[in-house]
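Novice: What follows is the residue order along each chain.
There are 4 protein chains.
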Amino acid sequence: MTLMEFSIIPLDKGASMGTYVARVLSVVDESGLDYRLNPMGTVVEGEWDDLLELLTRCYRVLEKESDRISVQAKFDCRKGVSGALESKILSVETKAGRSFKT
Amino acid sequence: MTLMEFSIIPLDKGASMGTYVARVLSVVDESGLDYRLNPMGTVVEGEWDDLLELLTRCYRVLEKESDRISVQAKFDCRKGVSGALESKILSVETKAGRSFKT
Amino acid sequence: MTLMEFSIIPLDKGASMGTYVARVLSVVDESGLDYRLNPMGTVVEGEWDDLLELLTRCYRVLEKESDRISVQAKFDCRKGVSGALESKILSVETKAGRSFKT
Amino acid sequence: MTLMEFSIIPLDKGASMGTYVARVLSVVDESGLDYRLNPMGTVVEGEWDDLLELLTRCYRVLEKESDRISVQAKFDCRKGVSGALESKILSVETKAGRSFKT
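Residue numbers (the working numbering), protein chains in the order written: chain A, 55 to 156; chain B, 55 to 156; chain C, 55 to 156; chain D, 55 to 156.
I should point out that these hints are in silico values taken from the structure, not numbers from a laboratory.
Check each hint, because a few of them may be wrong.
Identical chains share a label here; the pair holds if one copy fits it or two copies do between them.
[To be verified] Once the Cα atoms are required to be at most 20 Å apart in a straight line, the calculated EDC-like pairs of lysine to aspartate or glutamate come out as:
| no. | residue 1 | residue 2 |
| --- | --- | --- |
| 1 | LYS149 | GLU119 |
| 2 | LYS133 | ASP104 |
| 3 | LYS133 | ASP83 |
| 4 | LYS67 | ASP121 |
| 5 | LYS155 | ASP83 |
| 6 | LYS155 | GLU140 |
| 7 | LYS67 | GLU119 |
| 8 | LYS67 | GLU101 |
| 9 | LYS133 | GLU119 |
Generate coordinates for the entire structure from the input sequences, incorporating the hints supplied.
Specialist: Okay, here's the thing in structure tokens:
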């Protein structure tokens, strides 16, 4: 399974891009893949091909409205691991012997 | 105020780096800055100088034990905005007219 | 046209990953897409779908040999612009009125 | 020695940000640190503290003119290695047995 954190924004719409981010998030939310939104991006768990297909769908949504789009994506691909959206945080908390803010 | 998302890992300790991540997170947790841990990184809110000082402290912790360290950091610097750890997510949810998984 | 900068490394092979990077670069070099290698990643120019297909091919090469892979990708998608591997640098140099080290 | 790749852009100035990038690059060029500009960012070599001081100086230049700035930075920190701006590329080329486009 792979975790993908990504963010995608238009660069030609000024500094307030919440409307565009909301559209992208709606695509993620309806994808059926498990995800977590954070203040700097969205982390989605899935198979590589499904994640890249989702990224493409998000890109296509913004492409219709913007002439310049910036996309960042980061992948953590680990064989034999699933449920990593929760287990990575739990593992770090166990090792630290304390809870962190999530 | 600035949001900084960062991750910092040793590259010479094999694929299981939870112990090192736990040490870095403990530094963040004791810093007094507000933060949120997610499955791919940690988002901290603060003034630019305080965030870079925190990043340096985290780096110094790992530097003692590792010969090769990889650091990623991403900053969203916005004048006149504070509480962005919560408000960025709320703003997107309001614009989408629905809640997202966080 | 889109510029994609990416890096892809195994996390379970120790700190010297040049052999794996070399394999990935060979895939890029044989792809027919124009690219530039830099000390921290590789920038490739192409259409969105071709770039994601290339990223997948690079991932598949490492997936055979590694149980944990880290991938970073960053995209600058701009309508009506091609040759951006060269033109972005030239544009900045023109605006600065000087040459930079490349 | 550490390699830092970074990019820093204003988000409230529209899609053409070459003027701002040019100002940042001039700061880098005058810093005395060795660097290479690529189409997606700038890679600088130096000690950790010097690199973070440079990043701060670049941020301060844009902060005067923009209300929202996006910064990305990526660090490869390796003990006992210098000249990595050149040697990382050469090492990959040697391992691949061929030259790549740079």
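Novice: Does each hint hold? Answer for all of them.
Specialist: Each hint tested on the structure:
In this assembly of identical chains, the alpha carbons of LYS149 and GLU119 lie at most 20 Å apart only when taken from different copies (17 Å versus 45 Å within one copy). Only within a single protomer do LYS133 and ASP104 lie at most 20 Å apart by alpha-carbon distance; the minimum there is 16 Å, versus 26 Å between protomers. In the homo-oligomer, the alpha carbons of LYS133 and ASP83 never lie at most 20 Å apart, since the shortest distance is 25 Å inside one protomer and 28 Å across protomers. In the homo-oligomer, the alpha carbons of LYS67 and ASP121 lie at most 20 Å apart both inside one protomer (10 Å) and across protomers (14 Å), since each shortest distance falls under that limit.
Proximity of LYS155 to ASP83 under the C-alpha cut-off of 20 Å is restricted to the inter-copy arrangement: shortest distance 8 Å between copies versus 23 Å within a copy. Taking identical chains as interchangeable, the C-alpha atoms of LYS155 and GLU140 lie at most 20 Å apart whether they share a chain (13 Å) or sit on different chains (12 Å). Taking the shortest alpha-carbon separations for LYS67 and GLU119, both the intra-copy value of 9 Å and the inter-copy value of 18 Å come in at or below 20 Å. In this homomeric assembly, LYS67 and GLU101 never come within 20 Å of each other (Cα to Cα): the closest approach is 32 Å inside a single copy and 22 Å across copies.
For a Cα distance limit of 20 Å, the shortest separation of LYS133 from GLU119 across copies, 11 Å, qualifies, whereas the shortest one inside one copy, 37 Å, does not.
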